[in-house]
Structures are given as structure tokens and as C-alpha cells.
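Quick note, the sequences are listed as chains A and B, same order.
Under our numbering, think of the first position of the first sequence as 126, with each following residue one higher.
Under our numbering, think of the first position of the second sequence as 3, with each following residue one higher.
It is possible that some hints are incorrect.
[As the list claims (entries may be wrong)] Not everything, but these chain A residues come out facing chain B in the computed CB check (under 7 Å):
id, residue
1, M176
2, K184
3, L250
[As the list claims (entries may be wrong)] For each label pair, taking beta carbons as the anchor points, the in silico distance ranges come out as:
id, chain 1, residue 1, chain 2, residue 2, range
4, B, L75, A, I171, 16 to 24 Å
5, A, A182, B, E109, 40 to 48 Å
6, A, H150, B, W66, 47 to 55 Å
No lab work stands behind these hints: they were computed from the structure.
Small disclaimer: the values here were computed from a predicted structure and weren't measured.
Note that beta-carbon positions come from the ideal geometry of N, C-alpha and C, so glycine has one too.
Residues per chain are reported as follows:
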Amino acid sequence: MGLGKMSTPLARVRGLGSAKSGTEHFWRQRLTAVANIPLTIAFIIILMSLMGRSYPAVKQILGSPLIAILMLLFILSATYHMRLGMQVIIEDYVHHEVAKLSLIMANTFFAVAIGLASAFAILKLSFGV
Amino acid sequence: MAGTKTPVERPLSPHLQIYSPMLTMMMSIVHRVTGGALYVGTLLLVWWLVAAAAGPAAYADFEWFIGSIIGRLILFGYTWALIHHMLGGIRHLIWDNGYGFGPEEREWLVRAGLIGSIVLTVLLWVVGYLVMGGPR
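Produce the complete structure using the sequences and hints provided.
The following block contains the structure:
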């Protein structure tokens, strides 16, 4: 009760809907989508410029500050974006509650693991050792 | 006041199988499929970066895989999926802002996305092979 006809619009909006997150998902999906456009173009240019290069050259270029920062931004934005997107796919097709929640958790684990491992690799290439 | 009565048989709204395929519909489906493919494809990205950080032996393993026929096919598919999803995303951002919904604009937008993704992918690979020597 409290969210039916008796509640005020303010009370309803505080409930933030059935997902309890309001428009956050939608908004972050768009935010990362916009960020991904220039970052993906940068990523493609970086990949192209690394094609056919030797290991020491790749290591040095990936570890240089500008390239490393662009790669970190791309990875952060892309992994966040893909986590949101995969969540929608899971919610659309998986209706068994336990399976759905498990997959949504696994989705977050996967996105965080990919993002953190990639970020660690780039930082290691940047700072050496 | 609905109680626990058996639900009334209501007509269902028409779903996918009732429509003949349209380009806008197919592009919407492909947008989701490429998103899913890119999700799995990040395994390749993380392998590349971790291999580069791990050392020459690990990097040689990655280079061997990506230089193989299967590796190149996957990378080619990944390139197309990335560009297709990016162009599709730009189209959706245009639609999000309320533009491009007219019968001619929306067809033009999806065509541009499809043709653009193919042309750009082939172009990148031609440049990749001619100028940079391709993946190895």
C-alpha cells in the first residue's frame, strides 16, 4: 500500500518504480553510449596503428600516457555499457526468478572482471615492473 | 476485486512472427545480436591486453591465435559488430531525441547504418592489410 491511488505523485516518484532505480539505467545506458562513440573511434585508431608491430613496440605504445588513458576510458565506458545492455537482454528473455537474478549477478561479475583485468594490464604496461 | 478467478482469455498483441520482416526490425534485432557478440568479444580484448602485460611468450600465443584463419575471421566479425553497433547506437540516439521517425528518414537511417558498417569494415581491413601489413 501507499503507492496506489491514495499516494501523492511525490511518494510515487520516491518509490522509483518496480526496479527502484528510476531512470538511472536508461540514463547511464545513453551516457556511456555517447561516451563510447569517440572512445570506440580512438580504440579502432589505436588498434590499426598497432597492427603488425613487434611486441616491444606494442608494449611501449600501449603504456604511453595518452594511449593508456584513452584505453582506460574506453574500457571503463564499454564494460559499464555492456553490463547495462546484457542486463536488459537477461530481463527480456529469462523469466525464472532465481535464474534471472543469478544471471544478472554473473553479468556484473563478468563486466567487472573484464574491466578490472584490462585496466590492470594497461596500468602494468604504463608503470612497468 | 479480481480475487483468484481464472484469468479471462484476452487477445494477445501481435508479436514478431505475425509481421513480415522489415529492415528496421532486422536492424533492431542485429543491434542486440552485435551487442551480445561484442560482450563475448571482450574476452579477446582482455586476452590481448593481459598477454601484452604478461610478457613476450604470452603475447606470442595471442599473436598466433589472432593471426590464424579463425582468429582473423573472429577479428573481422568483431570489427563489423563494433562498427554496426556504433552506427546503430548513433541511430538510436537520433531516435531518442525524436528525429528521423518519418517513413523515408527511418528507412534511410537503417540503410545508411547497414551499408556504412559494411563499407567501413572492409575499408579498415583493406587499410590494415595494405598499409600496416594486417594482424600478426
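Comparing the hints with the structure gives:
{"no.": "1", "hint": "M176", "verdict": "4 Å, holds"}
{"no.": "2", "hint": "K184", "verdict": "6 Å, holds"}
{"no.": "3", "hint": "L250", "verdict": "5 Å, holds"}
{"no.": "4", "hint": "B:L75 x A:I171: 16 to 24 Å", "verdict": "22 Å, holds"}
{"no.": "5", "hint": "A:A182 x B:E109: 40 to 48 Å", "verdict": "46 Å, holds"}
{"no.": "6", "hint": "A:H150 x B:W66: 47 to 55 Å", "verdict": "40 Å, violated"}
The structure is inconsistent with hint 6 alone, although it conforms to all the rest.
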